[in-house]
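J.: One line per chain: the protein sequences are Z and W, in this order.
Sequential numbering from 1 applies to the first sequence in our numbering.
Sequential numbering from 115 applies to the second sequence in our numbering.
Incorrect hints may appear among the rest.
These stretches of chain Z come out as covered by chain W in the derived footprint (C-beta under 8 angstroms, 3 or more residues) [what the hints assert, rightly or not]: (1) 43 to 53; (2) 103 to 110.
Okay, derived cross-link-like pairs now, DMTMM-like style, lysine to aspartate or glutamate, Cα gap no bigger than 25 angstroms in a straight line [said to hold, decoys possible]: (3) Lys-212/W / Glu-28/Z; (4) Lys-183/W / Glu-145/W; (5) Lys-166/W / Glu-180/W; (6) Lys-11/Z / Glu-44/Z; (7) Lys-117/W / Glu-56/Z; (8) Lys-212/W / Glu-145/W; (9) Lys-212/W / Asp-7/Z; (10) Lys-57/Z / Glu-78/Z; (11) Lys-212/W / Glu-68/Z; (12) Lys-212/W / Asp-24/Z; (13) Lys-11/Z / Asp-86/Z; (14) Lys-183/W / Glu-44/Z; (15) Lys-11/Z / Asp-24/Z; (16) Lys-57/Z / Asp-86/Z; (17) Lys-166/W / Asp-181/W; (18) Lys-71/Z / Glu-83/Z; (19) Lys-57/Z / Glu-145/W; (20) Lys-212/W / Asp-63/Z; (21) Lys-117/W / Glu-44/Z; (22) Lys-71/Z / Asp-24/Z; (23) Lys-117/W / Glu-128/W; (24) Lys-57/Z / Glu-28/Z; (25) Lys-212/W / Glu-78/Z; (26) Lys-212/W / Glu-56/Z; (27) Lys-11/Z / Glu-28/Z; (28) Lys-212/W / Glu-52/Z; (29) Lys-14/Z / Asp-86/Z; (30) Lys-183/W / Glu-128/W; (31) Lys-212/W / Glu-44/Z; (32) Lys-212/W / Asp-86/Z; (33) Lys-14/Z / Glu-83/Z; (34) Lys-117/W / Glu-145/W.
Just so you know, these hints were derived from the structure itself, not from any lab.
Each residue gets a CB set at the ideal place from its N, CA and C atoms; glycine is no exception.
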Amino acid sequence: DTGVSQDPRHKITKRGQNVTFRCDPISEHNRLYWYRQTLGQGPEFLTYFQNEAQLEKSRLLSDRFSAERPKGSFSTLEIQRTEQGDSAMYLCASNSFLEGYGYTFGSGTRLTVV
Amino acid sequence: DAKTTQPPSMDCAEGRAANLPCNHSTISGNEYVYWYRQIHSQGPQYIIHGLKNNETNEMASLIITEDRKSSTLILPHATLRDTAVYYCIVIRRTSYDKVIFGPGTSLSVIP
């Protein structure tokens, strides 16, 4: 297993466009988390899934944001009508009940809205 | 809000031990202390965790006070590659609580 994979690593988009990011967690992990991180800040929780069920969403996740995990494996995070304030690093993490190392994070997708 | 407080920044001379403190005065009995670090433009990386006993692995040592209200991460021989932001967080391993990060400690290892 190669860990948590995120794609793309970098995305530059024009304001108003829609973007979609993908996260592939560690295969045996049933929990998947999305975080957003801006410069100089720690990661901020956005949402998480257990298998395909989305169990919690942060108030940071506005109506323009939607996340899915259709088959309980990979997940997508879509941002519609992007704004400059959406520019950030979007991090994905996964874990399982038996995992002793807390969370395993991916390398993130850096979004720049111009 | 994050349940931990850390100094915003620290410096350490290369080759010396880096001691990073963390306060978690409201920690519950079933919460573990985890440490992660984040090197620029990468995702956070697991370092070490503990409940109440001191722990050591190939990366670092974790010293937890007897009352569990604070801990110290020790990097025994800091190198330039240890320059990163270090996050101390508490997690209940019996649940799937989301992790709440604070701003962490930015460690600069100086040649």
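J.: Now, for every hint given, state plainly whether the structure supports it.
T.: Status of each hint after checking the structure:
1. 43 to 53: Satisfied; 5 residues make the cut.
2. 103 to 110: holds (count 7)
3. Lys-212/W / Glu-28/Z: Distance ~18 angstroms between Lys-212/W and Glu-28/Z Cα, so the pair holds.
4. Lys-183/W / Glu-145/W: Holds - the C-alpha atoms of Glu-145/W and Lys-183/W are around 11 angstroms apart, at most 25 angstroms.
5. Lys-166/W / Glu-180/W: holds (7 angstroms)
6. Lys-11/Z / Glu-44/Z: Since the Cα atoms of Lys-11/Z and Glu-44/Z sit roughly 19 angstroms apart, the hinted pair holds (cutoff 25 angstroms).
7. Lys-117/W / Glu-56/Z: Given pair Lys-117/W, Glu-56/Z holds - Cα atoms ~19 angstroms apart, limit 25 angstroms.
8. Lys-212/W / Glu-145/W: holds (13 angstroms)
9. Lys-212/W / Asp-7/Z: holds (22 angstroms)
10. Lys-57/Z / Glu-78/Z: holds (14 angstroms)
11. Lys-212/W / Glu-68/Z: Holds, because 17 angstroms separates the two Cα atoms, which is no more than 25 angstroms.
12. Lys-212/W / Asp-24/Z: holds (18 angstroms)
13. Lys-11/Z / Asp-86/Z: holds (12 angstroms)
14. Lys-183/W / Glu-44/Z: Given pair Lys-183/W, Glu-44/Z holds - Cα atoms ~24 angstroms apart, limit 25 angstroms.
15. Lys-11/Z / Asp-24/Z: With a Cα-Cα distance of about 17 angstroms, the restraint between Lys-11/Z and Asp-24/Z holds, given a limit of 25 angstroms.
16. Lys-57/Z / Asp-86/Z: holds (17 angstroms)
17. Lys-166/W / Asp-181/W: Answer holds: Lys-166/W to Asp-181/W is near 9 angstroms, not above 25 angstroms.
18. Lys-71/Z / Glu-83/Z: Violated, because 30 angstroms separates the two Cα atoms, which is more than 25 angstroms.
19. Lys-57/Z / Glu-145/W: holds (23 angstroms)
20. Lys-212/W / Asp-63/Z: The hint holds at about 21 angstroms.
21. Lys-117/W / Glu-44/Z: holds (14 angstroms)
22. Lys-71/Z / Asp-24/Z: It holds: about 12 angstroms lies between the C-alpha atoms, which stays within 25 angstroms.
23. Lys-117/W / Glu-128/W: Outside the cut-off at roughly 30 angstroms; violated.
24. Lys-57/Z / Glu-28/Z: At roughly 23 angstroms apart (the allowed maximum being 25 angstroms), Glu-28/Z and Lys-57/Z satisfy the hint.
25. Lys-212/W / Glu-78/Z: holds (21 angstroms)
26. Lys-212/W / Glu-56/Z: holds (9 angstroms)
27. Lys-11/Z / Glu-28/Z: violated (28 angstroms)
28. Lys-212/W / Glu-52/Z: holds (17 angstroms)
29. Lys-14/Z / Asp-86/Z: holds (11 angstroms)
30. Lys-183/W / Glu-128/W: violated (29 angstroms)
31. Lys-212/W / Glu-44/Z: Judged against 25 angstroms, a Cα distance of about 10 angstroms means the pair holds.
32. Lys-212/W / Asp-86/Z: holds (22 angstroms)
33. Lys-14/Z / Glu-83/Z: holds (8 angstroms)
34. Lys-117/W / Glu-145/W: holds (11 angstroms)
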